[in-house]
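Chemist: Listed below are the residues making up each chain.
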Amino acid sequence: MSSRLPQGGRLIDRSTRMAFTFNGTPMTGFRGDTLASALLANGQRLMGRSFKYHRPRGVVTSGAEEPNALVNLGRGDRLEPNQRATTTPLFDGLTARSQNHWPSLEYDIGEVNVALSRFLPAGFYYKTFIHPRVAWKHVFEPFIRQSAGLGKAPKKPDPDRYEHFYAHVDVVIAGAGMAGLQAALVAGRAGLNVLLCEQEGHAGGRLPVDGGMADADGWIEGTVAALAAMPNVTMRLNTQVSGVYDHGYVLAYERIADDAPGSDAPRHRLWRIRARHVIAATGALERPLSFAGNDKPGVMLASALRDYIVNYGVSAGDRTVIVTNNDDAYRTALAIKAAGLDVPCIVDARPEVTGDLPARARAAGIEVKTGMGIAEVRGRKGVTGVRLCRQAGSGVPVEEVACDAVAMSGGWSPVVHLWSHCGGKLTWDDAGAFFRPDHARPPTNQDGAGFVTCLGAADGALVTQDALSNADAMARQVVGALGVKPAAADLPETDSVAEAPLMPVWVMPHGAGPKKRAKMWLDFQNDVKVSDVQLAAQEGFESVEHTKRYTTLGMATDQGKLSNINGLAILAEARGAAIPDVGTTTFRPPYTPISMGAIAGEARGEIFQPLRRTPIHDWHAGRGAYWEPVGYWRRPYCFPQEDESHADAVAREIDATRNGVGLLDASTLGKIIVKGPDAGRFMDMLYTNMMSSLKPGRCRYGLMCNENGFLMDDGVVARLNDDTFLVHTTTGGADHVHAHMEDWLQCEWWDWQVFTANVTEAWAQIAVVGPKARTVLEKLGTGIDLSAEGLPFMAWAEGRIGGFDARVFRISFSGELSFEVAVPASQGLAFWEALMEAGGEFGITPYGTEALHVMRAEKGFIMIGDETDGTVIPQDLGLDWAISKKKDDYLGKRAHERSHMTDPERWKLVGLETVDGSVLPDGSYAIAEGENANGQRNTQGRVTSTYYSPTLGKGIAMGLVLNGPDRMGEVLTFNTTEVPERGGPPKTIEAQIVSPVFYDPEGEKQNV
Amino acid sequence: MLIFTCPYCGIAAEETELTPGGEAHLKRYGPGSSDDDFEEYLFLRPNAKGVHFERWRHSHGCGKWFLAARDTATLEVFGTYSAQTTEPPAEIVTAIRAKRPDWSPA
Amino acid sequence: MSEKAVSALAGSAFEGDVKVTEAGLQGMVTLKADLGAAAVADAIAAVCGAGVPEARRITTGKAMQVAWMAPDEVLILCPHDRADSVVADLGKALEGVHHLTVNVSEARAVFTVTGEAGVLKDTLSKLTPADMAALAPGEMRRTRLAQVAAAIWFEEAGTARVICFRSVARYVFDLLSTAARPGGKVGYHR
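Chains as they are written, first to last, in my numbering: chain C, 395 to 1402; chain Z, -2 to 103; chain U, -13 to 176.
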């Protein structure tokens, strides 16, 4: 059983106790513990259940690569699933629950025993759930849904805050272990701007645990202090470089307040770094060995076992058997001995073991069994012993050793993720049996130069002295490549021990049969075993990427950090290929999962996205406006009073406007100034109609097409003076129309003398609409002659109204007498309020976008985005009158000549009126005879706008219909989404083709 | 995430400050052009793997369109230059040739 | 009519790790013209009392500043009630020269952000991809703050000015206030 040792633990503070609970049981740990070390200290080795078989699992590692010890952390709105106990710092009040079990961690009725697991082999889902077809919906899918997913999703909004932070550096260094610290010294002393990120809460990495330097802690402390004294170097702890992207873009994930829920600090901060160079001093990860029962609680990586002893003063068991294929694991044996606990034996697969470390182990009285392996681990929820066998054989037990923990080491793999994220290639190292960076094929940046360097253990230099020299030399290279002369940086003395080569061991024992191979776990979290990968190979999965997806090897939350190389080796062996020929799967960012909150950063709640407000926005809000989002703007859809429905509010607003006076906040409409000697010529290119002939003081409606000929925007153009036009665009069109203008001016007609300016937001624009509109404006007092003669329809004037600086445009989108008055934005609210006051006696009524839409539809005016959808040309909408025949060219003219555009069969705009007066469903299709090749009904038209018209007391609609304008009076049948009666025909609705102008076709009302 | 240096204001802007605009150096065909020419102008793009000339607008900056020569496979940027030109300038061609000796302008 | 004029947020302020203040009404005039032309330089000198700024720089004149926005565009910062006369004066001075002047005071909002120099740069760096360490006083950086366009410059270490469009003034104010919220100091810039 695991326990806290009487002394030791360089990272814990035994004077500060922390209370926490696991599955509701109160426990205590020390400041500096991780959740995993604290659980072990409390004798809790069982920490979770596996995903597929719900097998009992203990912690395997001491770091970011942990596959088993995943917990639901926190509760309520701070519940977060799949948190690795090994990287969760302990804090007072922490609550954790284990995952994937029911009803409890100890007794899980879903546990699949080994006998049953043969029915759940690789590709089980693909094979099992095919037949019978009907079973999918009622049996298989509910079952899979029930068991799908890891942990529990939180049900409440995250109460914490998160943020981003942009940093621009010469060098970002991932990892403040020995290599990273040395690299930071070299780069820092050379004067480069350095950001050193360490995922753990302390610098030094494995050095103090693994030894190799007499005063490791002293050197680490001194180096950290030296770096802190350099103004050009920043070190961040608890910050993991999680991804490397194109052109030196790097993401780092800083955990600030995980251990202080409810504090003022942002919980996580996502660093968005631009670096000229990335140094990956990310070390190496130990690999498990594949032997039967290697997933039982108590079987751990050898390095993790000594981490717990040295760093946290925690032992994984009283009697630990070491099983290894290399010298490094002997360090664990020595650490256990030093802690006063037993190592009954070291099981070394190598036939001969002669190195310095084994010699020390033997000197300490530990028996070394060479050429041996583990045939089987005894015990169900925890190790009780191991049966040993000859590694060269098939697994016949030769002896049994009682123990309560097993420390395994299959060698080490450099952490090359950051090298690979952006395309760096790997090469196979035969001696170390791992992939390491191929220096000849680095990831390249915008200059075509390599911009990532792995150094130290991450470059495959695993022995302390080698790693240090490698780090120093590689860092000097980086500094030189950045154009700086590296300064002399002294290397510390090491006392590292030479290590004998490892012997690759992919299956233990070598000749293990199928029964044993089905108990050898490769991917602990996803329950992928040696037998699964072999089965996949047998079934013809040759590509490593396919095998990965078929077996789910490496697809768990640890992304194959432990299983990758072992799995590849098994696949290679099964295929009879060499490992480098099988290749490796692609490492993708992030290195470990990062929180959604960190990705979102500040973008949540009120500032999730920019919300654009007109100068009158707050007034609308104060009057209970029901909002309609239009782009990033919020526009009032209507202003419901008390318990009025939206439909009633719209009807009231229309009625008031058509019979009295209404007010519309039209500030969102785009306003662009086009000025210069060539402005007229440019306007003629932008619009389909002639704009250069427009007289100053006058307005003209125009259509804008893209070069494809499709309508992109429409609006009223006012000519301000000889060389200046004011272009009004739709609300959504302002920015892209301005960009469109600049595109043509900068990239095609750069010799034309035209300047543009987007002044949309400089003006508050208010439409004063209705029979009383003129009266209200005149009541405010104005020097502008607003009479029908003084300011006729489609004219504009400038002057003062009610003391405001104003431009008045006599234009109408409702068919009523209408003045659009623009005042400087800073005066917009005051002007609106003045109008409301002046119009009070006439029942002046603010109206929203829905009333605007209904009134324009009653008049048969098109709306960009309703009647157009990016495939509609002006000719489809009966707007031929707005297409100049005189102009040689305009944007879209050539496209309008294409055969498809001149096809007489194009659907054209008409009005539609239901036979029964109801409202046609939006988007419904007019049905035609027969079916198409897919067995669908043929169609002959569709509804583009449809409303209830309170003015006319019936439904009105516009639509595009085949030969529509030639078929006036014809009745068409439209489909609906209404559910038909049982066995009955689909519900349809009939509508007659009519003129799209439903109201005041002569325009008498707007011309008064 | 890409970085381009705007030739107008000299800022090395990241992709989020820019707006892409597709292939550069298209010749506009207007009224009177053949169907083939118009189709080519409007729709046909070589979508090259390798050297590519393209349009970018420094939209969260000086607002100017500029052109860039870039390798679409390695994302190496050979240079950025004025949009007021109908073909890549000599220094850009030289810069590309220095890195891609086999490449020649179409 | 200026007594009825209000800036987008009427001088709202937030005090956290740095102080964020909406600067109130600020006169702003866009001038588009060939900045290399002598007539344009003369007009700017005559009306603003300032030289034509180099790329990205700001020049200072009599109660006015001239900021380089693009190779053919400057932004003139002047008292709010002077903007119309600046437009008129420039128009007169540039008669016959192709140019565009327009009063954009109403289209924008301006913020003043003050605090300890490093903390100020840290706060802005939570929102903008532009390198705040490299931005010297007197240089204007047009970039983005989170999701909207903005121009940022330091009047001196510890005092930044931010211009954005008027419609997103509340968004930018909320962004800056969130970034400045106590508890989130980064300690990166010095």
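In case anyone wonders, no lab produced these hints; they're calculated from the structure. One or more hints might be untrue.
[What the hints assert, rightly or not] Partial list, derived from the structure: chain U residues whose beta carbon lies under 8 Å from chain C:
id: 1; residue: GLY(-3)
id: 2; residue: ALA(-1)
id: 3; residue: PHE0
id: 4; residue: LEU11
id: 5; residue: VAL88
id: 6; residue: GLU92
id: 7; residue: ALA93
id: 8; residue: ASP117
id: 9; residue: ALA119
id: 10; residue: ALA132
id: 11; residue: VAL154
id: 12; residue: PRO168
id: 13; residue: TYR174
[To be verified] Taking CB as the label site, the calculated pair distances span:
id: 14; chain 1: C; residue 1: VAL1024; chain 2: Z; residue 2: PRO86; range: 50 to 56 Å
id: 15; chain 1: Z; residue 1: PRO86; chain 2: C; residue 2: GLY1197; range: 31 to 37 Å
id: 16; chain 1: Z; residue 1: PRO86; chain 2: C; residue 2: GLY1016; range: 53 to 59 Å
id: 17; chain 1: Z; residue 1: GLY29; chain 2: C; residue 2: PRO1186; range: 36 to 42 Å
id: 18; chain 1: C; residue 1: ASP1282; chain 2: Z; residue 2: PRO86; range: 27 to 33 Å
id: 19; chain 1: C; residue 1: GLY585; chain 2: Z; residue 2: PRO86; range: 31 to 37 Å
id: 20; chain 1: Z; residue 1: ASP34; chain 2: U; residue 2: ALA25; range: 54 to 60 Å
id: 21; chain 1: C; residue 1: ALA1182; chain 2: U; residue 2: ALA25; range: 42 to 48 Å
id: 22; chain 1: U; residue 1: ALA25; chain 2: C; residue 2: GLU1022; range: 23 to 29 Å
id: 23; chain 1: U; residue 1: ALA25; chain 2: C; residue 2: LYS819; range: 35 to 41 Å
id: 24; chain 1: C; residue 1: PRO1090; chain 2: U; residue 2: ALA25; range: 50 to 56 Å
Quick caveat: nothing in here was measured; it's all calculated off a predicted structure. Backbone N, C-alpha and C fix where the C-beta goes; we use that ideal spot for every residue, glycine too.
Chemist: Look at each hint and say if it fits the structure.
Modeler: How the hints compare with the structure:
1. Interface restraint check: GLY(-3) of chain U against chain C, minimum CB-CB distance 13 Å, threshold 8 Å, status violated.
2. Contact between ALA(-1) of chain U and chain C, as hinted, is not supported at the beta carbon level, the nearest pair being about 18 Å apart and thus beyond 8 Å.
3. Hint status for PHE0 of chain U relative to chain C: violated, with the closest Cβ pair at about 13 Å, above 8 Å.
4. For LEU11 of chain U, the interface hint holds, since its Cβ comes within 8 Å of a Cβ in chain C; the closest pair sits about 7 Å apart.
5. Annotation: interface hint on VAL88 of chain U holds; nearest CB of chain C at approximately 5 Å, less than 8 Å.
6. The criterion of a C-beta within 8 Å of any C-beta in chain C is met by GLU92 of chain U, whose closest approach is roughly 4 Å, and the hint holds.
7. A cut of 8 Å between beta carbons decides the hint on ALA93 of chain U: the least distance to chain C is about 4 Å, and the hint holds.
8. Using the Cβ-Cβ criterion of 8 Å, the hint placing ASP117 of chain U at the interface with chain C is satisfied: the shortest such distance is roughly 4 Å.
9. A cut of 8 Å between beta carbons decides the hint on ALA119 of chain U: the least distance to chain C is about 7 Å, and the hint holds.
10. For ALA132 of chain U, the interface hint holds, the least distance from its beta-carbon to any beta-carbon of chain C being 6 Å, beneath 8 Å.
11. At a threshold of 8 Å, the smallest CB-CB gap from VAL154 of chain U to chain C is about 5 Å, leaving the interface hint in force.
12. Interface hint status for PRO168 of chain U: upheld, as the beta-carbon distance to the closest one in chain C is roughly 6 Å, under 8 Å.
13. At its closest, the beta carbon of TYR174 of chain U sits 6 Å from a beta carbon of chain C; the interface hint therefore holds under the 8 Å criterion.
14. Hint check: VAL1024 of chain C to PRO86 of chain Z, Cβ distance near 43 Å, so the stated range 50 to 56 Å is violated.
15. At roughly 57 Å, the beta carbons of PRO86 of chain Z and GLY1197 of chain C sit outside the given window of 31 to 37 Å.
16. The hinted range of 53 to 59 Å is satisfied by PRO86 of chain Z and GLY1016 of chain C, whose Cβ atoms lie roughly 58 Å apart.
17. Separation of GLY29 of chain Z from PRO1186 of chain C is about 39 Å and conforms to the stated range, judged on CB atoms against 36 to 42 Å.
18. Remark: the range hint 27 to 33 Å for ASP1282 of chain C to PRO86 of chain Z is upheld by a beta-carbon distance near 31 Å.
19. For the hinted restraint 31 to 37 Å between GLY585 of chain C and PRO86 of chain Z, the CB-CB distance of approximately 36 Å keeps it satisfied.
20. Under the hint 54 to 60 Å, the C-beta atoms of ASP34 of chain Z and ALA25 of chain U, about 42 Å apart, miss the expected range.
21. At about 45 Å, the CB distance of ALA1182 of chain C to ALA25 of chain U agrees with the hint of 42 to 48 Å.
22. Between ALA25 of chain U and GLU1022 of chain C the beta carbon distance is about 48 Å. The supplied range of 23 to 29 Å is therefore violated.
23. A C-beta distance of roughly 59 Å is found between ALA25 of chain U and LYS819 of chain C, which places it outside the suggested range of 35 to 41 Å.
24. Against the hinted window of 50 to 56 Å, the Cβ-Cβ separation of PRO1090 of chain C and ALA25 of chain U comes to about 25 Å, which falls outside the hint.
In summary, the numbered hints that this structure violates are 1, 2, 3, 14, 15, 20, 22, 23 and 24.
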